[in-house]
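Participant: Using the sequences and the hints given, assemble the complete structure.
Number of protein chains: 2
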Amino acid sequence: MNEKNNPLEETTLSTKPIYQGRVISLQLDEVRLPNGQPAIREVVKHPGAVAVLALLDDKMLVVEQYRKPLERTLMEIPAGKLEPGEDILEAAKRELEEETGYTCGSIRKISSFATAPGFCDEMMHLYVAEQLEPGQINPDEDEFIVCTAITLEEAWAYVREQRIHDAKTLAAIYAWQTYKLTGTFLP
Amino acid sequence: MNEKNNPLEETTLSTKPIYQGRVISLQLDEVRLPNGQPAIREVVKHPGAVAVLALLDDKMLVVEQYRKPLERTLMEIPAGKLEPGEDILEAAKRELEEETGYTCGSIRKISSFATAPGFCDEMMHLYVAEQLEPGQINPDEDEFIVCTAITLEEAWAYVREQRIHDAKTLAAIYAWQTYKLTGTFLP
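Taken in order, these protein sequences are the chains called A and B.
So the first sequence is residues 1 to 187, counted in the working numbering.
So the second sequence is residues 1 to 187, counted in the working numbering.
Keep in mind that the hints were calculated from the coordinates and are not lab data.
Check the hints yourself; a few may be wrong.
Partner residues are not named here, just some residues of chain B that face chain A (Cβ under 10 Å, in silico) [what the hints assert, rightly or not]:
hint, residue
1, 19
2, 39
3, 156
EDC-like mimics (lysine to aspartate or glutamate), calculated; alpha carbons at most 16 Å apart, straight line [unchecked claim]:
hint, chain 1, residue 1, chain 2, residue 2
4, A, 109, A, 87
5, A, 68, B, 29
6, B, 68, A, 9
7, B, 180, B, 58
8, B, 59, B, 121
9, B, 68, A, 29
10, B, 109, A, 161
11, A, 81, A, 97
12, B, 81, B, 142
13, A, 45, B, 71
14, B, 68, B, 143
15, A, 180, A, 130
16, B, 45, B, 29
17, A, 109, B, 161
18, B, 180, B, 153
19, A, 16, A, 30
20, A, 68, A, 143
21, A, 93, A, 133
22, B, 68, A, 121
23, B, 68, A, 30
24, B, 109, B, 130
25, B, 81, B, 141
26, A, 68, B, 121
27, A, 81, A, 133
28, B, 93, B, 133
29, B, 81, B, 29
30, A, 45, A, 29
31, A, 68, B, 9
32, B, 180, B, 57
33, B, 59, B, 153
34, B, 45, A, 71
35, A, 68, B, 30
36, A, 93, A, 83
37, B, 68, B, 153
38, A, 93, A, 140
39, A, 16, A, 29
Quick caveat, the model's predicted, so the values are computed rather than measured.
Glycine included, each C-beta is placed from N, C-alpha and C at the ideal position.
Facilitator: Given below as structure tokens:
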């Protein structure tokens, strides 16, 4: 589709800042819809994030972490938000090392995706890291994390038990499953 | 893990409402971290959403829709937020019919997942619908949607071109690929 003349486009009439925070900000955009009518869009702004499928001896690294919005602990692949101006690949290596202690000899992109495009601009950049070398974990001062390694079969069991219960980790497990079946993480 | 005595848990000390909107609300939770220190968590509240992998003659239905947060059009599987008190399965059928016009003779859950658990409580409930029957589309008054059907090969091509570029649609395509390879949408 030619985005220069997009019949679905919503034109911004005004933007009202509501909140500016440490991780996210919130604004209300008044738009003109394709039919000419006005509407309000609630938009959460996020700096973007990285996540890493880290493979070690046919296991994937997962971290357990309390997620306040869900009021529970989730088991997720290592991930975190981009720092201002940070290179995305460097961010992926940094988060892997901070949350798991491992550095990697090989890392490559699987895919990027919007996590919640209806109301948020967050882009998640998913990588696969291999040739892992153990080191020292170094989480953020407000992060409390437990790192373990699980097989693909354990990963699916945890998905069924909803211990693994987030989009990026589910996508990473599907990618790993697909790699084992087809030889590629993204057909 | 025993959630009653969770060593990673963050205890809520206070909650400050910031914004109450049409789709989302925002609050700041002051918490006590596992080490006893206080911290602030920015929490976006969302009613939850449904998404449908709708399969018709070995193609999946996708809808093109403008996504204001990303300032672009995305091709996504039919999806939408839960109405207050709405049954999740009924919501999935409703969104499928509203956005594509199709009703289904068969629908079942693939998985549920948090879209952005670091700052938002949104849960996405992913279904697969089959035995589709055409009908009349009926989008929300502020929704402008173009519906098409694509093959799995086209889906992967669109992922590579980033025309498909969101977590739920990527998960659905991986699930469909996995079904074709293994006979199950979630191994």
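Participant: Holds or violated: residue 81 of chain A and residue 97 of chain A, Cα atoms, limit 16 Å.
Facilitator: holds, 14 Å
Participant: Does residue 142 of chain B lie within 16 Å of residue 81 of chain B when you go C-alpha to C-alpha?
Facilitator: Roughly 14 Å separates the two Cα atoms, so the pair holds.
Participant: Quickly compare the C-alpha distance for residue 180 of chain B and residue 58 of chain B to 16 Å and report which way the hint goes.
Facilitator: Roughly 10 Å between the alpha carbons, so the hint for residue 180 of chain B and residue 58 of chain B holds.
Participant: Is residue 93 of chain A within 16 Å of residue 140 of chain A, Cα to Cα?
Facilitator: At roughly 15 Å apart (the allowed maximum being 16 Å), residue 140 of chain A and residue 93 of chain A satisfy the hint.
Participant: Are the Cα atoms of residue 59 of chain B and residue 153 of chain B separated by 16 Å or less?
Facilitator: Between residue 59 of chain B and residue 153 of chain B the Cα gap is close to 10 Å, so the pair holds against 16 Å.
Participant: Is residue 109 of chain A close enough to residue 87 of chain A, meaning Cα to Cα at most 16 Å?
Facilitator: holds, 13 Å
Participant: Close enough to count: is the Cβ of residue 19 of chain B nearer than 10 Å to one in chain A?
Facilitator: holds, 5 Å
Participant: Tell me if the interface restraint on residue 156 of chain B is satisfied: Cβ within less than 10 Å of some Cβ in chain A.
Facilitator: Since chain A brings a Cβ to about 5 Å from residue 156 of chain B, closer than 10 Å, the hint holds.
Participant: Given the hint that residue 45 of chain A pairs with residue 29 of chain A, does the C-alpha gap stay at or below 16 Å?
Facilitator: With Cα atoms ~12 Å apart, residue 45 of chain A and residue 29 of chain A stay inside 16 Å; holds.
Participant: Has the given pair, residue 81 of chain B with residue 141 of chain B, been kept, meaning a C-alpha gap of at most 16 Å?
Facilitator: Given that 16 Å is the threshold and the Cα spacing comes to 15 Å, the pair holds.
Participant: Given the hinted pair residue 45 of chain A and residue 71 of chain B, is their alpha-carbon gap at most 16 Å?
Facilitator: The hint holds at about 12 Å.
Participant: Is residue 93 of chain A within 16 Å of residue 133 of chain A, Cα to Cα?
Facilitator: OK: residue 93 of chain A and residue 133 of chain A at ~12 Å, within 16 Å.
Violated hints for the displayed structure, listed by number in ascending order: 8, 27, 29, 37.
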